[in-house]
Amino acid sequence: MTSLHIAIVAPLVLAFLIPLLAKYVRKIHTGWFVLILPVLLFVYFFRMIGMTSHGGTLKATLEWIPSFGINFTAYVDGLGLLFALLITGIGSLVVLYSIYYLSKEKEQLGPFYVYLLMFMGAMLGVVLVDNVIVLYLFWELTSISSFLLIGYWHKREKSRYGAAKSMLITIFGGLSLLGGFILLYIITGSFSIREMISQVDAISASGFFLPALVLILIGAFTKSAQFPFYIWLPDAMEAPTPVSAYLHSATMVKAGIYLVARFTPVFAFSGEWFWIVSLTGIVTLFWGSFNAVKQTDLKAILAYSTVSQLGMIMSMLGVGSAALHFQHFHYYLVAVIAAIFHLINHATFKGSLFMAVGIIDHETGTRDIRRLGGLMTIMPITFTISLIGAFSMAGLPPFNGFLSKEMFFTSMLRITDFNLFSADTWSFLFPVLAWTGSVFTFIYSMVLLFQTFGGKYQPEKLEKKAHEAPLGMLISPIILVSLAVIFFFFPNILSYTIIEPAAASIMPGLLDGDEKFKVHISIWHGFSPELFMTIGVAVLGILAYRTLGKWKKVYGLFPDKLTLNNLYDRSLYGLEKGSNKATRTYMTGFLRDYLVYIFVFFIIAVGGTLVLTGGFSYSVKGTAPIGVYELVLSAVMIAATFGTVFARSRLTAIIALGVIGYTLALFFVIFRAPDLALTQLIIETISVALFLLCFYHLPKLSFKPKTKTFRITNALVSIGVGAVVTLLALASNSQRSLESISSYFIENSYKLAGGRNIVNVVLVDFRGFDTLFEITVLVIAALGIYGMIRLRMEKGGEEH
Amino acid sequence: MNKQQTNDVILQTVTKVACFIILLFSFHLFFAGHNNPGGGFIAGLMTSSSFVLLLLAYDLKTVKNILPINFIYVAATGLFISVCTGIGSFVFGAQFLSHAFGYFHLPLLGKTELATAVLFDTGVYLVVVGVTMTIIQTIGERE
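As given, the protein sequences belong to chains A and B, one line each in that order. Going letter by letter, the first sequence gives residues 5 to 804 in the numbering used here. Going letter by letter, the second sequence gives residues 50 to 192 in the numbering used here.
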């Protein structure tokens, strides 16, 4: 167990101690104890930058289930480290924020921090593990802890709804991910991602390539809230705001991005990957930003904006795979670099925006933009934070969002030159969708900012008197927005330390030896088309924002019935109702129906096997001649059988049944089985007597002797069963392949057991074990009858 | 099968004789079982049928007076004997339910074959008698 392993599981270990601290150290807010750990971890990971920026990696294995090749292999490279830094860095800030956000007196702090630490540990595990099964384990742990965090205020119905929805969707994706991993294991024989990357050729050649690709992408898309799986994210906003800031903007939703980036070396050579990833991303970008504009809840705006921004990162990762096909890969590689850069930027501005929204909610009591307004002078610091965050999100200088958006436009424009996978016919879509999506991004950023802080202050609509937040709550967002500004002016402090090693781990195949990508982000790159696109976005965005009231009706055109949420709700409801209905149709509660199922299954299974395998054959070899006695007795038996089935009264049926039994005894006599004949005779007598007893005790009311209601199905089923059994008996009798073992008993009955009655010797000696349990069965039956009758009598139940 | 008010002199008189004949026949079936048709199972059924005849001719109470036996215990004893026969073979280091037999000169009977299988059969016999009678008595007592 190395320090790396300890670092990954440390949050989980601390989660065990939190309840104790929360219970016994009540004076200090529990969050302070939690805060120490992510800060320490951040420092720990920060010191690794030196290693990864020189192309170094760290790998440490802890054996877990070595016989299955499942080991806790921690692996740190540029990509993993970038995410680890995001998780611990934003984690520290969120914990600090939550200390001031969550009240010590009113909230259950223990569970909150336990879930949060669980999530942090799980997330670290996802990004720092090389073994896919362990990755999947941590992946599901993030789903579970996210579920717990969304449902933190479990007394609210909406929280529970949101938690259940996110659970269903992300677990659906998680399971599909597991399927993809298993397929990859089948191809490569290894659970290690490194190993899979080294066997890319085998994976590409395999027939499982496409299924594995699709399954893994479904896992990534559900987690990252891509179209059409994004619907859980807006409902997850019922979680406390620190959770939304942490999970649903900076970390968990980026687990899918991480996965796509991590598996790029495995899948990205294929056209399927290029099209699925980049199209899903660009559609999500457009759809998310389009929908964000109509929201009236601040957190809902941010949720849709997260969806849209994640789509943007995803599309860049997809487009970046074009670099793999060309010698001059730098032309397309800019997309990958932009994706990484925007990932970092998004974490900074979205985290700060969520925190600012949390402050507004906390200090005014509402998040509805129709009730908010004029907070600019009342909450100046929050306004500044929101301004920087929103402008950065909209892609305006001088904030970091501008840079990554420029690079985004660059990569979208460059992809129009791409001519593989018939991209040249459709690639014009990318810049168009990207640009319109950006316009909407601009509009909702302005809505977010100016409808909250601009306009008139409406104190009568607010629950509390608005005022500036305490300093502690402001620290985290201030740090984040300062980063947003710093990354604009000095983008290259990230270039060689973080972005370049991360790009190297996404595109490892492009580098030879010690070669490195040239990542240089410049603020100014001349009057390029990208700049004019941005200006266009700003101009059109301002115009559209000004005239928002006029064209907002557009959203009304889209019927509510066709939304994905409605589809989800209805399909869930339909599934529940349908399965209920289906269960009720066949679970009728009638024994006769179940018997029909069993018999029909028997006919299909046994008869079908007989037909399909051609198992039926008929030969008369070795059969004995049929004598007159047998014929007569058979006739009697058949007649009695018909008598039983078609009897009009129960008494006739019982007596006919008795006739069958006695005829059977006669058959035993003819076939020389005296012991059987004797037993059959007596048993038949007793059972007929018992039948008569039952008959006598039948309740008077329902005593209506009448003909059986003839049912065609019953007749068909019974004829079918009879036919199948007959055919089976004939076939098995005609194909005897082995000698009977009865000669052994005949020879040894007297020699070994000292008895001449072979039947008896077999029963008590050769096969005495069976007899022992048969008499046990008898005793159980007797005790059962005794118990049933006596207990009923003692209870004084319904006696007749 | 409960108290019969009628005066079945003929039935009762015949029963007195027939009962013993049936019992004797059932003993014959039991002991003949090893070499001729018969055995514990049939013998048990026969014995209980003689008891049933008693039940038919007299009432339940009378039969309980004549045979003050709880037949559940009979069944349990039978099962116990059978299991013990099986366990007994462990004493001789043999596998479960290994039987042995031998010929002995006994006073009065002369050369006789004695087999442990008969002990097992006795268990079967008692179980069958016990079970049959328990079922019939229980149902009969139920009104």
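By construction, these hints were calculated from the structure, which means they are not laboratory data. Wrong hints could be hidden among the right ones.
Chain B regions said to be covered by chain A (calculated; three or more residues, Cβ under 8 Å) [claimed, not checked]: (1) 90 to 98; (2) 122 to 131; (3) 155 to 168; (4) 180 to 188.
Calculated Cβ distances over 12 Å to all of chain A for the following chain B residues [as the list claims (entries may be wrong)]: (5) I70; (6) L73; (7) N84; (8) K110; (9) L116; (10) T134; (11) V140; (12) L146; (13) V173; (14) Y174.
If the Cβ cut is set under 8 Å, some of the chain B residues that face chain A in the computed set are [as the list claims (entries may be wrong)]: (15) I115; (16) N119; (17) R191.
Virtual Cβ for every residue (Gly too), placed ideally from N, Cα, C.
Item checked: Consistency of the no-contact label for Y174(B), given chain A and a CB cut of 12 Å -> For Y174(B), whose nearest Cβ neighbour in chain A is about 10 Å away, the distance does not exceed 12 Å, so it is violated.
Check: Holds or violated: is the Cβ of V173(B) farther than 12 Å from all Cβ atoms of chain A?
Finding: 6 Å, violated
Notebook entry, point to check: Was the hint right that R191(B) lines chain A, CB cutoff 8 Å?
Noted result: 5 Å, holds
Note to self: Count the residues of the segment 122 to 131 of chain B whose Cβ falls closer than 8 Å to any Cβ of chain A, and tell me whether that reaches three.
What the structure shows: holds (count 5)
Item checked: Verdict on chain A covering the segment 180 to 188 of chain B, where coverage means 3 or more residues with a C-beta closer than 8 Å -> holds (count 6)
Next item on the list: Return the status of the interface hint for I115(B): holds when the least beta-carbon distance to chain A is below 8 Å, violated otherwise.
Entry: 21 Å, violated
Next item on the list: Determine whether the non-interface label on V140(B) survives the test: each CB of chain A must be over 12 Å from its CB.
Entry: The assertion about V140(B) holds, with a minimum of 17 Å to chain A.
Next item on the list: With a cut-off of 8 Å on the beta carbons, see whether N119(B) makes it to chain A.
Entry: 11 Å, violated
Notebook entry, point to check: Does the claim that L116(B) lies outside the interface with chain A hold up, using a Cβ gap greater than 12 Å?
Noted result: The assertion about L116(B) holds, with a minimum of 17 Å to chain A.
Item checked: Assertion that L73(B) lies farther than 12 Å from chain A (Cβ) -> Holds: least Cβ distance 16 Å, greater than 12 Å.
Item checked: 12 Å Cβ clearance of N84(B) from chain A -> 4 Å, violated
Check: For I70(B), which was marked as not at the interface, is the minimum beta-carbon distance to chain A over 12 Å?
Finding: 16 Å, holds
In this structure, the hints that do not hold are numbers 7, 10, 12, 13, 14, 15, 16, in rising order.
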